[in-house]
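Trainee: Heads up: the sequence lines are chains A and B, in that order. Take 1 as the starting number for the first sequence in the working numbering and just add one per residue. Take 1 as the starting number for the second sequence in the working numbering and just add one per residue.
Please keep in mind that the hints were generated in silico from the structure rather than gathered at the bench. Glycine included, every Cβ here is placed at the ideal spot set by N, Cα and C. Check each hint, because a few of them may be wrong.
Some but not every residue of chain A turned toward chain B, in silico, with C-beta under 8 Å [said to hold, decoys possible]: (1) A22; (2) G61; (3) A66.
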Amino acid sequence: MIDKPYTARPAKSSITFISRSAPYGHNRANLCLDMALASAVFEQDVNYVFLDDGVYQLLKGQDGAAIQSKTLGNALETLALYGIESVYADQQSLKGRSIDSSDLLPGMQLIDSDAVSKLIENSDTVFNL
Amino acid sequence: MSCLHTINRSPDSNLLESCIKVVNAGDAILFIEDGVYHCASLANLQTIVETVRVYGLREDMLARATLPKTAERVEAIDTNQFVELCCEHDKVVSWF
Numbered sequence: 001m002i003d004k005p006y007t008a009r010p011a012k013s014s015i016t017f018i019s020r021s022a023p024y025g026h027n028r029a030n031l032c033l034d035m036a037l038a039s040a041v042f043e044q045d046v047n048y049v050f051l052d053d054g055v056y057q058l059l060k061g062q063d064g065a066a067i068q069s070k071t072l073g074n075a076l077e078t079l080a081l082y083g084i085e086s087v088y089a090d091q092q093s094l095k096g097r098s099i100d101s102s103d104l105l106p107g108m109q110l111i112d113s114d115a116v117s118k119l120i121e122n123s124d125t126v127f128n129l
Numbered sequence: 001m002s003c004l005h006t007i008n009r010s011p012d013s014n015l016l017e018s019c020i021k022v023v024n025a026g027d028a029i030l031f032i033e034d035g036v037y038h039c040a041s042l043a044n045l046q047t048i049v050e051t052v053r054v055y056g057l058r059e060d061m062l063a064r065a066t067l068p069k070t071a072e073r074v075e076a077i078d079t080n081q082f083v084e085l086c087c088e089h090d091k092v093v094s095w096f
């Protein structure tokens, strides 16, 4: 009898990253992005969600040079280059911070909290930073 | 005896609420780092009494793209003016 191949771990897993921190104040936003880009390099299915203060990362016109930092907004535009196309911003978080969709970097899909909970439910792993 | 209060976290932190409970007339509040996200939020700024001056650090606003939406109540200052403010007040209290 031939044993079934070992399949406990799927070759490809679905990973959702939830970025909840504003840029520059601490490095959580950068760490979250680095993890997502690394996952994408290893051909995992990546979802990227901006929630709570994380939506501040999406404001157009950032200039990290003013505080001798790299501009995080520019780095976010590389998500698509790494094949990460499921990039979402939570509508409630935007509304609560009076941020209009016209203030945002291009390529963001606006979703509500129900959609976020569905994403979490359908993911193998969730990183919440 | 006046005091300069600095706040360096976003409105989610509730630092401003803690600060305004103990602020005195003639004091100043300066928003720095992630604190500058307060500067666009009228609801937050309205909780600060009129006798307290409100400042935001321009460099941090530029980095975070919040300068265009800054409310009139807030005066944007640079790092040199930050130093001057520290000297003008008797004490600096950091809320972080």
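Trainee: Does each hint fit the structure? Answer for all of them.
Mentor: Against the structure, the hints:
The interface hint given for A22 of chain A holds, since its Cβ lies 5 Å from the closest Cβ of chain B, which is under the 8 Å cut-off. Contact between G61 of chain A and chain B, as hinted, is supported at the beta carbon level, the nearest pair being about 4 Å apart and thus within 8 Å. Nearest Cβ of chain B to the Cβ of A66 of chain A: about 4 Å, under the 8 Å cut. The hint holds.
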